[in-house]
Amino acid sequence: MRKLCTAAAALTALALSLAGCASTPAATGTSTAGGGTTLTVFAAASMKPTFTALGTAFESTHAGVKVTFNFAGSQTLAEQIINGAAADAFASANEANMKTVTDAGLAATGAQVYATNQLTIAVPPDNPAGITSWNDLTKKGLKLVVCAPVVPCGAATEKIEQATGTTLTPVSEEQAVTDVMAKVQAGEADAGLVYQTDVIAAGETVKGIEFAESSKAINTNVIAALKDGPQAKLGQEFVDLVLSAEGQQVLKAAGFGAAD
Amino acid sequence: MSLQFSATLARRHFDAELQVADGERVAVLGHNGSGKSTLLNILAGTLRPDSGTASLDGTRLFDLNAGHRHWLAPHARGISLMAQDPLLFPHLSVIENVAFGPRVTGASKSQAYAKAEEWLEQVGVTEFAQRRPSQLSGGQAQRVAIARALAAEPKLLLLDEPMAALDVAVAPLLRRVLGRLLQHQATVVVTHDLLDALLLSERIIVFDQGRVAESGPTDEVLRHPRTRFTARIAGLNLVRGRYADGGVRTDTGLVVQGTHRDDEVPGAGEPAAAVFAPAAVSIFAHPPEGSPRNSLPVTIIELEPRGDLVRVRGDDHHGHSLAADVTPLSVAELDLYPGREVTYSLKAAAVTIYPL
Amino acid sequence: MTMGEQARGRAPRVYSGLPRWLFVPAALGATLVVLPLFALTTRLDWTRFFELITSDSSMAALRLSLETSVASTVICIVLGVPLALVLAREQFPGQALVRTLVLLPLVLPPVVGGIALLYTFGRRGLLAPVMDLFGIQIAFSTAAVVIAQSFVALPFLVVSLEGTLRTVGRRYELVAATLGARPSTVLGRITLPLVLPGLVSAAVLSFARALGEFGATLTFAGSLQGVTRTLPLEIYLQRVTDPDAAIALSLVLIAVAVAVTLVTARISDRAIG
Chain A
1112 MRKLCTAAAA LTALALSLAG CASTPAATGT STAGGGTTLT VFAAASMKPT FTALGTAFES
1172 THAGVKVTFN FAGSQTLAEQ IINGAAADAF ASANEANMKT VTDAGLAATG AQVYATNQLT
1232 IAVPPDNPAG ITSWNDLTKK GLKLVVCAPV VPCGAATEKI EQATGTTLTP VSEEQAVTDV
1292 MAKVQAGEAD AGLVYQTDVI AAGETVKGIE FAESSKAINT NVIAALKDGP QAKLGQEFVD
1352 LVLSAEGQQV LKAAGFGAAD
Chain B
277 MSLQFSATLA RRHFDAELQV ADGERVAVLG HNGSGKSTLL NILAGTLRPD SGTASLDGTR
337 LFDLNAGHRH WLAPHARGIS LMAQDPLLFP HLSVIENVAF GPRVTGASKS QAYAKAEEWL
397 EQVGVTEFAQ RRPSQLSGGQ AQRVAIARAL AAEPKLLLLD EPMAALDVAV APLLRRVLGR
457 LLQHQATVVV THDLLDALLL SERIIVFDQG RVAESGPTDE VLRHPRTRFT ARIAGLNLVR
517 GRYADGGVRT DTGLVVQGTH RDDEVPGAGE PAAAVFAPAA VSIFAHPPEG SPRNSLPVTI
577 IELEPRGDLV RVRGDDHHGH SLAADVTPLS VAELDLYPGR EVTYSLKAAA VTIYPL
Chain C
46 MTMGEQARGR APRVYSGLPR WLFVPAALGA TLVVLPLFAL TTRLDWTRFF ELITSDSSMA
106 ALRLSLETSV ASTVICIVLG VPLALVLARE QFPGQALVRT LVLLPLVLPP VVGGIALLYT
166 FGRRGLLAPV MDLFGIQIAF STAAVVIAQS FVALPFLVVS LEGTLRTVGR RYELVAATLG
226 ARPSTVLGRI TLPLVLPGLV SAAVLSFARA LGEFGATLTF AGSLQGVTRT LPLEIYLQRV
286 TDPDAAIALS LVLIAVAVAV TLVTARISDR AIG
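Chains as they are written, first to last, in the numbering used here: chain A, 1112 to 1371; chain B, 277 to 632; chain C, 46 to 318.
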């Protein structure tokens, strides 16, 4: 119903602008609902399972506080924050996107690394191509699927290739790590390069094969409370929770590396 | 015999048998839904009957009787169909349309075109050879359609209401063209029009409810109709009964006096028919006295303008709907309206009586 | 002469009988479609436009898109024309069901189509045993792109051509048959010429649909420059890193679609007139 209203409002705006009454873009309102306090966290899409769990934990220790998340690509989130979206904390899947936020002077404190993740080889459960190592990925005729170099997981793949002097010949360079996983799960691909967290989240549908070379491209996830957030103080408390032993436990269980 | 045909089709209540002799032209008359179109479609091969057999010049068209499943496709039958809509192929020129039949049956291009030109000349539209069908008038298009149907040299030509879509001004000329060209062409023409039947056929078959109700030489059937439907097509009133004392007496006691030809003397008490033209009827508000006329009391059912006259239909209380043609002036003077009781009066000399 | 002169000049205005308020939602509807397209052009960095659309990856994507769309349009014609003919002219049990199923991709989300194709032509799909027998591998190949495009475009051709066939009717075909033309001759000399304008616009519709195909291709064929990464996939990928390039390529795609549509309109107009 609310979505319908929003669509109607957008059409009305269209009508008004047609009639020559230029309307200002609607500002993203602070999401306070029902008198309670709402903490808004912008987090990379890969954080959905872990942060949802941490959000519930946060609510249980902060009576009257509701935690809402905006899970999306880190770049999209950074853009929204810079354009004035009301967020109290930002968890980026990489340092580059966090940098644009800190450079804009929007972070309350310095960004802190809260988790790392690295690539692993995902294969169908029966491992039809018999992959056991990084070097196996150069096998002739192997159907290898990776991320496109322009997206972070693809950049990491490229980095390992350069560091090890190998050249992979993938059959497909996907837009997102989920697309890589989907092709491995469907059995179309013999192997895919994805993050360890993705393999754990996928459960029995794929098998993960860790390889030492993945340490050449460790991705760091960074988090910061935001200065201009409506609940900046709660934002900092959420950051603290993520960095606490409890938070680290949840992240480790999901396959993330330690924050050190 | 050129065509031997018998077929049944339960879904259309069709059960008919007919023959067409070599070069004979047969008119098929009947109400809408009487089975005329079904007959044409079965003959053309676009509709398959439940059972029956047919052959044309020794070629078996279909045989669907007891266990046989023989069915010849339309293109292999040698039967051309011309409908009231000329249906010229819009993407071909006039000459290409006419050359289509010869071309698809194996003639070379030059042969086909020569034949097409010949037929265009026969129907009198040579000057339009290069035109597109969309540039022709209705009458011109129908002439081209005739040329196209005949250029295919059909063993049997089917005409489906060929004049129905034409202006009254154009139809007579085209009817003449058809009359001339079809003189020796075996033809089945389906029509509502008495003139078509008279000018384009030697024999008439009347269809009623999917069956052949009447059949015979055109003149004979139209002059001496046996069914009311045929009489109506022929524009005549028909009363059937038994012959008695120079008149026809119906089972209900209606008597119509008339005259008969010397060679058509009905026997006393034998079945006979009396026919008369609507124009021979005079209408009186009250029965005229002491005249040697037939006086038939009727109740007016409807009034229908027909050109300069008005056709009055009256119920004679003996199961007949009798037509009378009178002038609009008479209608006004006699104050005729449906429901009014009047008397039809006609001279015995205007009534023809013949044995059935 | 006077008639000719009268025929010239402006066409007379005919009373439409529409209520005036109708123009407000009508204009709104047109704006809903046109305004976003216009917005795209306002965001474009025109100074880099040429450079953006001539980059290696852009050119490869454009070439691949055109090639695969042409190929799938040909497949649509070869398979779709007979299918439309059978649906429009024949009567057989289950016809309505067949028609509904064949037209399903029209309303199916493309991703669903992609998954369905995967389970048909994929390595573990329904046809895998047959394809293995002949050593055919479709996944991650250009052939997969063409199949995905044909899958989504075929119904457009069938539904539009079937409509044309029904409008034209069977009467000319029957006349041709009674003149002695065999079924193949009727098809070639009467039916196809009569529906040609409709066929052309149906084929163009299929081409445009194939050109825009994204979801099924992404799911089924993968994404590799020069092999499976068509223009829509390239746009989707570029959007992340170089939005300017994505916008420039979007405009190219729109331009191709507009050009194709206009050309078809001209062709079918001329065929009718």
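Treat the hints with care, since some could be wrong.
Stated by the list, open to error - On the chain C side, residues computed to face chain B include the following (Cβ under 8 Å):
#1 GLY74
#2 ALA222
#3 ALA226
#4 ARG227
#5 ILE235
#6 LEU239
#7 GLY257
#8 PHE259
If you are wondering where the hints come from, they were derived from the structure by calculation, not from laboratory data.
Backbone N, C-alpha and C fix where the C-beta goes; we use that ideal spot for every residue, glycine too.
These are the hints, each one checked on the structure:
1. GLY74: Hint violated; GLY74 of chain C Cβ to chain B Cβ min 36 Å, cut 8 Å.
2. ALA222: Interface hint status for ALA222 of chain C: holds (4 Å vs cutoff 8 Å).
3. ALA226: At about 4 Å, which falls below the 8 Å cut-off, the nearest Cβ of chain B leaves the hint on ALA226 of chain C intact, so it holds.
4. ARG227: holds (5 Å)
5. ILE235: At about 6 Å, which falls below the 8 Å cut-off, the nearest Cβ of chain B leaves the hint on ILE235 of chain C intact, so it holds.
6. LEU239: Result: holds, 6 Å to nearest chain B Cβ.
7. GLY257: At 33 Å from the nearest chain B Cβ, GLY257 of chain C fails the 8 Å test, so the hint is violated.
8. PHE259: violated (38 Å)
When the structure is compared with the earlier hints, violations turn up for hints 1, 7 and 8 and for no others.
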